[in-house]
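Take a look at the letters that make up each chain.
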Amino acid sequence: MSDDDPRRPWLEVRGICKRFPGVTALDGVGMHVNRGEVVAVIGENGAGKSSLMKILAGVQPADSGQIFLEGRRCQLASVEQALRLGIALIHQELNLADNLEVGANIFLGREPRRFGLLIDKPRILRDSARYLARVGLKLPPTRLVGSLPIGRKQMVEIAKALSVDARILIMDEPTSSLSQREADQLFEVIRDLSAKGVSIVYISHRLGEVKELAHRVVVLRDGKKVGELRRDEINHENMVQLMVGRQVSQFYLHRPHEPGEVVLTADNLRTLAYPHRSCSFALRRGEIVGMFGLVGAGRTELLQTLFGVTPALGGSVWIDGRKTAVRSPIDAVLAGLALVPEDRKQQGLILDLTVRNNLSLTSLRRDQKMGFLNRARERELARDMVRLLKVKATGEGQVTRLLSGGNQQKIALGKWLSLHPRILLLDEPTRGIDVGAKTEIYSLMESLAEKGITVLFVSSEMEEILGMSDRVLVMHEGRIFGELPRAELSEQRVMRLATGQLPEAA
Amino acid sequence: MKKLLGIFGIFLFVFVLTALLSDRFLESYNLENLIRRTALLGILAVGVAFVIITGGIDLSIGSVVCLVGCGVPWLLVKQSCPLPWALALAVIVSLAVGLLHGLLIAKLKLQPFVVTLCGLLMYRGITRGFTGDQTQGFGTEYKGLRQLATAEVPLPFVEGFGIPAPCLFLIVVAVLASIFLNQTIYGRYLLAMGQNEEAARYSGIRTDRMVILAYVICSLTAGLGGILFALDVNSAQPGSFGNFYELHAIAAAVLGGCSLRGGSGTIMGVIFGAGLIQVLRNMITLVDFIPSHIEYAVIGAVILCGVMTDETVKRIVRRRLFSK
Ligand SMILES: Nc1ncnc2c1ncn2[C@@H]1O[C@H](COP(=O)(O)OP(=O)(O)OP(=O)(O)O)[C@@H](O)[C@H]1O
Ligand SMILES: [Mg+2]
Numbered sequence: 001m002s003d004d005d006p007r008r009p010w011l012e013v014r015g016i017c018k019r020f021p022g023v024t025a026l027d028g029v030g031m032h033v034n035r036g037e038v039v040a041v042i043g044e045n046g047a048g049k050s051s052l053m054k055i056l057a058g059v060q061p062a063d064s065g066q067i068f069l070e071g072r073r074c075q076l077a078s079v080e081q082a083l084r085l086g087i088a089l090i091h092q093e094l095n096l097a098d099n100l101e102v103g104a105n106i107f108l109g110r111e112p113r114r115f116g117l118l119i120d121k122p123r124i125l126r127d128s129a130r131y132l133a134r135v136g137l138k139l140p141p142t143r144l145v146g147s148l149p150i151g152r153k154q155m156v157e158i159a160k161a162l163s164v165d166a167r168i169l170i171m172d173e174p175t176s177s178l179s180q181r182e183a184d185q186l187f188e189v190i191r192d193l194s195a196k197g198v199s200i201v202y203i204s205h206r207l208g209e210v211k212e213l214a215h216r217v218v219v220l221r222d223g224k225k226v227g228e229l230r231r232d233e234i235n236h237e238n239m240v241q242l243m244v245g246r247q248v249s250q251f252y253l254h255r256p257h258e259p260g261e262v263v264l265t266a267d268n269l270r271t272l273a274y275p276h277r278s279c280s281f282a283l284r285r286g287e288i289v290g291m292f293g294l295v296g297a298g299r300t301e302l303l304q305t306l307f308g309v310t311p312a313l314g315g316s317v318w319i320d321g322r323k324t325a326v327r328s329p330i331d332a333v334l335a336g337l338a339l340v341p342e343d344r345k346q347q348g349l350i351l352d353l354t355v356r357n358n359l360s361l362t363s364l365r366r367d368q369k370m371g372f373l374n375r376a377r378e379r380e381l382a383r384d385m386v387r388l389l390k391v392k393a394t395g396e397g398q399v400t401r402l403l404s405g406g407n408q409q410k411i412a413l414g415k416w417l418s419l420h421p422r423i424l425l426l427d428e429p430t431r432g433i434d435v436g437a438k439t440e441i442y443s444l445m446e447s448l449a450e451k452g453i454t455v456l457f458v459s460s461e462m463e464e465i466l467g468m469s470d471r472v473l474v475m476h477e478g479r480i481f482g483e484l485p486r487a488e489l490s491e492q493r494v495m496r497l498a499t500g501q502l503p504e505a506a
Numbered sequence: 001m002k003k004l005l006g007i008f009g010i011f012l013f014v015f016v017l018t019a020l021l022s023d024r025f026l027e028s029y030n031l032e033n034l035i036r037r038t039a040l041l042g043i044l045a046v047g048v049a050f051v052i053i054t055g056g057i058d059l060s061i062g063s064v065v066c067l068v069g070c071g072v073p074w075l076l077v078k079q080s081c082p083l084p085w086a087l088a089l090a091v092i093v094s095l096a097v098g099l100l101h102g103l104l105i106a107k108l109k110l111q112p113f114v115v116t117l118c119g120l121l122m123y124r125g126i127t128r129g130f131t132g133d134q135t136q137g138f139g140t141e142y143k144g145l146r147q148l149a150t151a152e153v154p155l156p157f158v159e160g161f162g163i164p165a166p167c168l169f170l171i172v173v174a175v176l177a178s179i180f181l182n183q184t185i186y187g188r189y190l191l192a193m194g195q196n197e198e199a200a201r202y203s204g205i206r207t208d209r210m211v212i213l214a215y216v217i218c219s220l221t222a223g224l225g226g227i228l229f230a231l232d233v234n235s236a237q238p239g240s241f242g243n244f245y246e247l248h249a250i251a252a253a254v255l256g257g258c259s260l261r262g263g264s265g266t267i268m269g270v271i272f273g274a275g276l277i278q279v280l281r282n283m284i285t286l287v288d289f290i291p292s293h294i295e296y297a298v299i300g301a302v303i304l305c306g307v308m309t310d311e312t313v314k315r316i317v318r319r320r321l322f323s324k
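Which chain is which? The protein sequence lines are P and C, in order. Quick note: the first sequence, position 329, residue 329 per our numbering, numbers continuous. Quick note: the second sequence, position 61, residue 61 per our numbering, numbers continuous.
There's no promise every hint is true.
[What the hints assert, rightly or not] So the derived label-pair ranges between C-beta atoms look like this:
hint	chain 1	residue 1	chain 2	residue 2	range
1	C	117	P	21	41 to 51 Å
2	C	117	P	321	47 to 57 Å
3	P	119	C	103	39 to 49 Å
Source of the hints: derived by calculation from the structure; they are not laboratory data. From the three backbone atoms N, C-alpha and C, an ideal C-beta is built for every residue, glycine too.
Pulled out of the complex, with its shape left as it was, chain C reads as follows (with noise of 0.2 Å):
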């Protein structure tokens, strides 16, 4: 709870300074971008708290994210693939990738950074030779389910403001997330192996399935955003689509409280986190003495920070229970 706040507090912060900063900002068209953006966002920073949980990385999120997400409507518009089979398809393949990187991770004891630094590379690649390189979109067909990632589900009351409904798949990720980490058997295995996998193991538990499953669940929701990113904006281009996105979805679930040494983290953490990354940057296209190519410089200083703060305030609360 108390890191929670620490996180909302940032949020906050954050928000109300853009707000101030531009008058756009509020505008509900922009408010809806940018919350379709944040749960898109969130989606795979709540895949990746899992593997972080457990002490590892997953840097293969945004070429999974190409991969799928390219690879989608390259199926249905190119390849004239039947609806149904290009979904299973893209679920198989999300599945097969985290089931690859657990069982070298676990099975094979190879390092996380460096199995899915491979992933990172290899899947993009892929992506690039099964489409020629050519930018893959659903052009004007799929019109209905394009509506999955474009759609505005309306408010009673409020007049030109709709949620988003990005939004509804991520608080269904979210809410299914947050009771398989904090009421299944299962979440409690994933925070206690993250504190100390050693101790865990001799407690009986099978900490290897645990480690693939993991990675399962990272790719699994990698996968569902890449399919969503691609609905969104609807021309992928398999060189840069899902560039960097791993790197936001770590940094926010870091900023939500997931430490990188393992066994801790919250998903609404994680949520704010997304949420705090996705107002910075629209921060920075909106205000106008920022220029805009600076924004990695303002977002990494701003995670920076927003660590930094959080290690001193645990410091500061770890001292005070073992010296007051």
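One chain only, chain P, in its complex shape (with noise of 0.2 Å):
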């Protein structure tokens, strides 16, 4: 082989090995990506893909195997080496300054200097103009990254990794908090850096995008490679059957409710994202209701309103007939509601509390004796919750941060199951949950439904939406734009409504 044949492998890693205590993440695995190469790695919940791509980019070092770039061995034993040598990861966990600018944080720690000490902020504005162009988002550099929603943080993270002109550009689930348009724009990045000879190593669970974008997909299970599917062979069911080593064969397990009386009814709800907006519509009772919009469509902010963590503007919340003021969450868990929330890391969760004291939270008041810790209950709950979500952790005094991204979202969710809300709100319920999982998390849905329970999902993934809701309530700029019943469901409506068209007559 000459040096620049393009079939020699620029990054090649052979039996990586590395553990955690309590766990093995990664078993003897090897892989390769080639030139250009747009390569798609998939696998349950903790099967190891984030704990590779780390190793790959330097943040943490593997217990044994050799990694070959170019043929040659080398070391990646630190994150500036590895930007050295061309590789850069997104993390699956934003990990951005929110204090700092836009450009600020694309440049952080690679400032371009002026006299060797100024930073040189007009090129920063400007070089960082040019990125964000790049992932198309239209935004001026000096925005402060606190103040934007996590699509556009996602897309702010891989303006970052392009400034570094990356020869290798991992990217741990990039489109789990974008919406499909942000992640078409993404998919445009991705076919051009490819084309321009940049290797692309890609996480997802959303099969239906690694079908579309990748050359070759390399499965993990419980830590080892378990198959290779080249361009010809990926498909839904190969993906699947490797994944989980079984089939799974209904995905979406819908089956129509009957719906009850009206529990909550929001009466020209106005949020902050769009004060001079209203919103108003009903929930019945053991229904499962899907809300759709495009990214900014005020969405999130409509959950926030009506779970009392923002205040609303104007209008008013009916629960169970009875007008409620809903000034913070706990007025709106007292009223029966929960909420998991969009943004895990900042709301859902407490990071450095172990998983039983996070599953615990909030039934900690319901269960106290005379305002003591009632710590049986506790341990118990816990217990229980990991078995019904099965979650995968060492147990459940782990500290959370611990959990690979799809298990933590489990805890999410885990932590408001106990204590059987009557009105659940989801925003993206399924965000980097695994194919199985997420099975799981819909057939939970449909109990919870059967129950009597009222969910309310907020997504973005067009075929969840179309699967799971019994009514879908479609947003557009801050108001409520169009509701579509089951039989009436399709992707066309639904997007017709999203954009702001109203539906074609007949």
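Combine both chains into one complex, guided by the hints.
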């Protein structure tokens, strides 16, 4: 092979092992990435995908195994070194400084200087504007990152990775917080980079986009590589078969529900996001209502207002026929509501608490014995919930931060289930969750609805909306633009409403 | 538990070192005094630990000590106020101060540093105002009351050594605080909030009330400390009484493992932190070759070393956790 043989892998790893106390995250994994190739890495939650990527990017060392870059053995001892060799990683959990501007974040740690000392602000502005444009973000580089919704933050992360001119770009679930449109934009960028010879390693639980994008798929299960699929072998069945080791037959187990009486009515509710628009809708007992909209349509803000996180600017909420003032989350909880928020790292979980303490946080009040903790009950509850949701952890005493992303999401959901809410608000409930666990969450939603619980879920995944909802509310620019019963659901109809077009006649 | 080992180790080291450097250190009179001062500081430190655990800070402690410590003898001696009234007033004032801080911080979202810094200035000023800047004391009266701070509880089988009374107060405060922090749901809420206030709020915790509670606890212990300090010294000068106590208390809490970033801390650790600071001060007065006017330099350096070791140990543990 000559030196610039395009078939020689740019990056190859062999026999990578990684153990954490109590778990073997990676057990002799080997893989390679060719020039300009898009390799998707898939697997269940906790299969070891993120661990492998962190090793490739120098974030953590492997216990054993070899890494070759263009055929030469090398060490990846630190992130800086990996970056120098042209390997950049976009983490599953966002890593941006909220208090800095977009531009400053893009060049964090690599600020261009003037006279060796002063930060070259104009250059940061100029260059970051270019990278932002490449990912299709229309933002001034002077915006504070903290003021951006999570989807935009994700795009800033990607712009940041582009700015180091990586030869291998690793993306850990980049689309999990993007809308369809943003994801499409990202795929454009990926194809463009790939055509320019940049290799992409891509982790995703959305098999649809893997099929669309990947040249090759690597499947991990329980820390081992269980198979690879070539371009022509990539299809849903093959991927699921390898990931789960069995056939996951019926994906959406939707059974129509007989909706009961109205449990919640929002009457001309106005939120901070769109002060001049108002929303009115009603939820019935035992139905699953999907809420669709493009990112920025105001869905998250609506849920947060219902739950009392942000005050309503106007309008009223009626729960069980009584006008209820929800001024803070506790009011909502006492009225029987629960919210699994979109941003699990910041809002859904307290990452440095144990799994047990996170799961019990919501129900401490209910289970208290005159103000004292009921530890026996707490332990029992955590054990049940870990079992019910099949959380992969070394124990209920494990610090939540150490769980894989999908397992963290299960904890964020589980902490509310134990409280038996009557109305469950879910904001992107299956973000970062593998196919198997998704099916489990869907069937959980089903069984909750059967028990008479009302589920209102926001999702940006069209499949999920079409598959799970009894009824879909579509938001557009801060108001409920339309409503579709299950019988009238179709992708086109939902999309028309979401983009602010009225449904076609007939 | 691991955290306790660190502070306990430093404490033991300084304790033994002082004992070796000065033969007066282990005399029972000195030890009694040391325990008394540790107990008094410990009460303040346990209080401020609650605030620090929520991620806040209280700089007004020294001035609350001054306000209550000068106010009580002033009421009793100068205003001839009946004892129960004076004590009740002391509790009410401390409570009101804590409530004020808590409300301003939780409801108006003012910064704890700023609110309590203003408190630090105001309460001392007020005290100097109503006392006419005159030294306050109990004189020769209130012998019984002063016993609360000066008495020694004799130990069986030990001659010439007794447990100073403030130590009993500290034990009560510490036991209550430990139970509150570790056994009640509110303690759990405080720790959770200190780690991530937003997520705690999303979980249905009334975070604003918990913040207010923490500041109330802190001011109440400062008030209790103020009374005991005043009973102990019997001469409280409004201009200087309680000066820098807030910094000693905060230092003790930090040495005891309360991260100023919030979310962690143990009561035992805080008490050892208070002990360490008092042993250090004792060492500086006892050991001849350390000039006593460099006291602050020594204390500052030791706190810095303590916090640095703590942070390094934590980093090593974390690295092992994440990359082993
Ligand atoms: N620092 C750590 N300490 C202890 N265990 C860890 C640590 N990091 C990861 N693990 C464990 O290693 C296993 C693999 O985790 P990893 O994050 O690689 O999974 P993943 O495939 O990315 O899953 P997901 O799809 O949920 O993101 C999990 O069981 C996880 O709990
Ligand atoms: Mg992962």
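| message | Are any of the numbered hints broken by this structure? If so, which, sorted upward? | response | No numbers; nothing is violated.
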